[in-house]
Structures are given as structure tokens and as C-alpha cells.
Amino acid sequence: MSANDEKFGYNDKLSLYAEWYDHDVAFLNNFLVHYYPSDNTLDVFDLDLERLYLKRTIMDSLTYNYMYGANTIRVYGRQIKLIHYAYCETNDIVDKLAEIVTRIQNEGFRTNRMRMCILKFYEEVRGDSELAFLVEHIISGSIVALELVVLNAWRRWRDFMGLNIMTAKANEFDYKDKLSFLAEWHDYNSAYHKNFVVNYYPSDNTLDIFDRDLKRIYLKRTIMDTLCYADMYVGNTIRVYGRQIKLTDYGDCKTKSIVSKTEERTLAILKPCVIDKLGEIITNIQDHGFHINRMRMCLLNRREALDFYQKLRGDSELPFVLEHIISGPVVALELVGKDCLNNWNQLMGPCNPIEARKTHPSSLRAIYGRDSTATSGFHGSHNADEVERESNFFFPMGNNKIPTSTVQLVNTTCCIIKPHAIVEGKLGYIISEITESHFKVTAAQMFYLSNANADEFLEVYKGVVSDYHTMLCSFVDGPCVALEVAGKNSDMDVHGEFRRFAGPIDSEIARQIRPQTLRAKFGIDKYRNAIHCTDLPEDTELELEYFFKVLKD
1 MSANDEKFGY NDKLSLYAEW YDHDVAFLNN FLVHYYPSDN TLDVFDLDLE RLYLKRTIMD
61 SLTYNYMYGA NTIRVYGRQI KLIHYAYCET NDIVDKLAEI VTRIQNEGFR TNRMRMCILK
121 FYEEVRGDSE LAFLVEHIIS GSIVALELVV LNAWRRWRDF MGLNIMTAKA NEFDYKDKLS
181 FLAEWHDYNS AYHKNFVVNY YPSDNTLDIF DRDLKRIYLK RTIMDTLCYA DMYVGNTIRV
241 YGRQIKLTDY GDCKTKSIVS KTEERTLAIL KPCVIDKLGE IITNIQDHGF HINRMRMCLL
301 NRREALDFYQ KLRGDSELPF VLEHIISGPV VALELVGKDC LNNWNQLMGP CNPIEARKTH
361 PSSLRAIYGR DSTATSGFHG SHNADEVERE SNFFFPMGNN KIPTSTVQLV NTTCCIIKPH
421 AIVEGKLGYI ISEITESHFK VTAAQMFYLS NANADEFLEV YKGVVSDYHT MLCSFVDGPC
481 VALEVAGKNS DMDVHGEFRR FAGPIDSEIA RQIRPQTLRA KFGIDKYRNA IHCTDLPEDT
541 ELELEYFFKV LKD
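Just so you know, UniProt numbering puts 265 at position 265 of the sequence shown, and the rest follows in order with no gaps.
The set of hints was computed from the structure by calculation and includes no laboratory data. Remember, predicted model here, so these are calculated numbers, not experimental data. Each hint should be verified, as a subset may be incorrect.
[Claimed, not checked] Below, simulated DSS-like cross-link-like pairs (lysine-lysine); rule was C-alpha separation at most 30 Å, straight line:
#1 256 x 215
#2 526 x 246
#3 311 x 256
#4 440 x 401
#5 220 x 254
#6 176 x 254
#7 246 x 401
#8 401 x 277
#9 338 x 246
#10 462 x 521
#11 256 x 220
#12 521 x 440
#13 552 x 311
#14 338 x 277
#15 311 x 277
#16 488 x 549
#17 521 x 81
#18 194 x 549
#19 440 x 488
#20 552 x 526
#21 462 x 81
#22 246 x 81
#23 401 x 549
#24 552 x 401
#25 220 x 55
#26 246 x 549
Modelling step: build the complete structure from the supplied sequences, incorporating the hints.
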């Protein structure tokens, strides 16, 4: 018995939420795993069927050290991924310093400086009701300060820690205050469409779900470490225990009045003259606090352009605007953020780039625009009604016509920028890295893959990749962006050259042997490796067609 085991009584347990992908029926099972350190036993509860899946059983192959979030354990041949702890327990962090630092570094952070010390702290929260408890704990022993270096370090560290309920946003709400949304989830296993009411409680980052069809609770109020206040807005797709649930509308007027102020939408268009700077512009947009909810590169014909710019009918600039907008691909972005509509128009600057350079030199039109209103480089909606109409134009619902894709399918290859890279703010940087090399992006679109879609796309890897479920999850943990990549030279072997440019599949290995590759620079590990690229040359067209023709809507 280890020292850790001696700390626990027979009934003491560690509880973790977990999931297991059943390949035989293509279904994701959600579990609650209880581990009992005193005698190295384990039981498993099925959260979907609400029944015991495995009785308390001795596990010779497991130890206390295996029981932590993000690890994968093997139970009778089943690879069960531990997601996160089901409850919090006070630990002596300094005793686990090596383990914690290792996990931080595995997330891609580089430890620049570290110091252990004892100090008086938290002056900035003086007057907070929790201050006394916070100070009492912080001065009770040694603390370790780390200076971490990584792209978007502040945001990534906050995400990695989890939600801090002492943030200003959480303090605006009481325990019973909630944000209500109408939502939907398509169960691909039963081909059944479920309609939900999702209630989110900002005070403690919990969530419950009510089934509108069966008129009963679907999920009791539960802590959601993978979600935060900023994720809760209409149009977003959230992931709850493996289920991708789309928030379709506000559940009440109170939620609408609160969220619409902080999570407003607008439609932005990048015109043909700035597409070669796509990555740089996306980075600029995200650095100004905008979240990209949807993205599509497309071509407009003259009729579509005239329909889109119907408000300019009779304007002397209209012929020039039309001529430019149909001259090449455009990229439509649905942006979300606080006071988004007004802030986007301010970031664009005056319509005429020449005037913008004089009065707003840091605006997008001043930096990237040409010499006329028609070639200003950017378009933005002016009011909420325009946002609705223009968003439906580029991202139509139902059977409405979708603008023509720019996919070429000739000497090109497929690149998928994975969800973790997008959440970490790397989308623009990765596109820039691609276009500043020997390649260009000829098609692009953002997708929210379901488990069924990802499983279908990755079917060729079944039986080949040892941890297929982890690979699958790396595609469905958020939005991904599919790119068609072509060469700047027509005689280039695009598939072969881009595979070399992407680097080894495992990012840790890539950093050792090919540090200048995409996966070395932007990836974290074997599956959170920033991008997927087509492995076999004969599969390039199949993968591109799957995203840009089969999943195009």
C-alpha cells in the first residue's frame, strides 16, 4: 500500500467524469468513475442509462497516480478517458509541484521563471467577501509563482485553470440567477431530434437541461468545467458530455436583455483585394476581442452581388463595388462580442481608405484597403436588421441557396485546423504561416463536426490508430476550419510538400526533429497537433469533397 492509499478510509473515493467510445455501435458512453484508493478498487456508473455499469472491482492495472483529468485508463479492454473531477478536494499543491508543472508544460506552456515563496497578496480584492478565506489560505504555507510563455498566454491559462467564480462577471449573479436558452441536439444513433431548454448559472458555472419533448429533466444542475459565460450565446454550439448542443434562441426576455449586450453578432466580409492577407487579418480581428462564430470563403456572381448590395441601388459607386466583389473570392465572417456591431465598424474605419489613413491610421481599411471605396477591403452590417439579412445570405438555413464554393480539387490538398488551435487563438497565425510559405488557401470554411461526421471522416483510421477515440475527440471539441491548400507554383507536388510542411503527427516529436513545421510550432501533443492533413495523395479529393460538398451547409 502506498503512502497515498494510507490517507483514505474504505469508503473514501475519487470521482471523475469519463467517456468511452463504443466502436461496435459508434456510440459515446458517458460515465462517472469512482476510484477507492484504500484497496485499489473502482466502480463505474453509466450517466446515460442512469444505472451501475461496473460494480466495485479490484483493478491491479491501476494506481492512484493514474486518476486525473485528461488521462486514459484501461478497464477490461475498454479505453476510458477521464474528463475532469466530479468534485473538488483541497490538496497541498506544493507536494504535487512536479506533477502540476509537467501537466502545465504538456498543455504547451513554457516555464520561463519559477520561484517558491511566502507573501502577502491579493490587495486588489480588498473588500471582497471571500478575501478573508483567500488570505488565510494564501499565507498558510509556501506558494510557487511561475512565469509562463505561450501564444495568448493569459487566455489559455485562464481556460486551463477553469472558471474563477470570483471574476466580476460571476459576481453579478446570485446562486439562482440563470441564463435560459432554447437548444437542440440531433441524436445520430436514433436519428431523433431533441429540443431542450438549457439553463446556465454563471455564479458557479453550472448548467441544467430540460427536455421540451418529454417534459422532464434531462440533466440535473452540474458543474461544467469546459464551459464559461462567454460560450453562452445564440448560434453557438456547446459540448455537454459528448453531446453537441446548439443554442438556437433565447429562453426568456431577461436572458435576451443580458446576453445581447455582451454577445452581439455582426456580419463581416473580407473582399477580394485583401484575401492574400487572410491570416494576418483574422489575427487582428481576434486580438480586438471578436470571436469568429462562422466563416466561409465563396464566390459571388453579379446577380448575387446585386442582391446583397440592394441598398446601394442608384448609388454612383455601385458598379465599381459590384465589379470588385465578383472579381475573386470573398470571406464572410459572423463575429460575436460585446457591442460587436459598433466595434466592428470602428475597427474597419471610414469607407474610403485614403480618408481612413488620414483620420484613423490604425483601422483595417487604412492598413489593408486600396485607393477607393469599392476596394476598401471590408464590409460590415450597419444595424441588427442588416445583420440578420446578410448573415442569412452567406449562412442560409434550410434549403436556401448557398454561395458558390471556391474549392478547385486540382493539385490541392486538405488541411483541417483543429478545435484546440482555434480556441487558443491560433487560426490566423496558422493561415499566415501557410500563405507566407509556398502555398495559398483556395477554399475555407468553419465547421462544427458531430461525432457521426468526425467518425465518418476518420473511418480509414479505425483499427490503425491505437487511441482512435482520443483522435476523434480532437475533431469535435469545438469549431474546426477546413482549408483547401494549393501551391503558388502550378507544377508543385502540393500534397507531398504540404505533408512535409505540416511535420510529424506527434507535436512533441516534431519539435525535436522538425521544429519549423506547423505541428511543432502550434501543436501540443499527438492528437492536439494543431492540424490534420491528407495522408495519401489519392485521398485529397475525397477529403476535400467531404467538407466542401457533403458538409458544405
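Hint by hint, here is what the structure shows:
1. Pair hint residue 256 plus residue 215 holds up; C-alpha atoms about 23 Å apart against a cutoff of 30 Å.
2. Among the hinted pairs, residue 526 with residue 246 is consistent with the structure: their alpha-carbon atoms are about 29 Å apart, no more than 30 Å.
3. Simply put, residue 311 and residue 256 have alpha-carbon atoms about 29 Å apart, close enough for the 30 Å limit, and the pair holds.
4. Note on residue 440 and residue 401: the hinted pairing holds, with a Cα-Cα distance of about 27 Å set against a maximum of 30 Å.
5. Restraint check for residue 220 and residue 254: satisfied, since their Cα atoms lie roughly 22 Å apart, inside the 30 Å limit.
6. At roughly 14 Å between alpha-carbon atoms, residue 176 and residue 254 fall within 30 Å of each other, so this suggested pair holds.
7. For the given pair, residue 246 sits about 22 Å from residue 401 by alpha-carbon distance, which is consistent with the 30 Å threshold.
8. Simply put, residue 401 and residue 277 have alpha-carbon atoms about 28 Å apart, close enough for the 30 Å limit, and the pair holds.
9. Using a Cα cut-off of 30 Å, the hinted pair residue 338 and residue 246 holds, with the two alpha carbons roughly 20 Å apart.
10. With a C-alpha separation of about 28 Å, the suggested pair residue 462 and residue 521 falls inside the 30 Å cut-off, and the hint holds.
11. Annotation: proposed proximity of residue 256 to residue 220 holds, straight-line Cα distance about 23 Å (limit 30 Å).
12. Distance restraint check for residue 521 and residue 440: the Cα-Cα separation of roughly 19 Å lies within the 30 Å cut-off, and the hinted pair is therefore satisfied.
13. Of the supplied pair hints, the one linking residue 552 and residue 311 holds, its CA atoms being roughly 28 Å apart against a limit of 30 Å.
14. For a cut-off of 30 Å, the pair hint linking residue 338 to residue 277 stands: about 25 Å separates their Cα positions.
15. Between residue 311 and residue 277, the direct Cα distance comes to roughly 28 Å. Compliance with the 30 Å bound is thereby established for this hinted pair.
16. Only pairs whose Cα atoms come within 30 Å are accepted, and residue 488 paired with residue 549 is accepted, the gap being roughly 24 Å.
17. Restraint check for residue 521 and residue 81: the C-alpha separation of about 26 Å stays at or below 30 Å, so the hint holds.
18. Restraint check: the Cα-Cα separation between residue 194 and residue 549 comes to about 26 Å, which is no more than 30 Å; the hinted pair holds.
19. Simply put, residue 440 and residue 488 have alpha-carbon atoms about 6 Å apart, close enough for the 30 Å limit, and the pair holds.
20. Taking the CA atoms of residue 552 and residue 526, the gap is about 28 Å. The hint holds against a cut of 30 Å.
21. Our distance criterion of 30 Å between C-alpha atoms is met by residue 462 and residue 81, whose separation comes to about 18 Å.
22. Between residue 246 and residue 81, the direct Cα distance comes to roughly 24 Å. Compliance with the 30 Å bound is thereby established for this hinted pair.
23. Between residue 401 and residue 549 the CA atoms are separated by roughly 13 Å; this keeps the pair inside 30 Å, and the hint holds.
24. Of the pairs offered as hints, the one joining residue 552 and residue 401 holds, with about 11 Å between alpha carbons and a cut-off of 30 Å not exceeded.
25. Taking the CA atoms of residue 220 and residue 55, the gap is about 23 Å. The hint holds against a cut of 30 Å.
26. Proposed proximity of residue 246 and residue 549 is supported: the alpha carbons are some 22 Å apart, at most 30 Å.
Every hint, counting from the list given before, is met by this structure.
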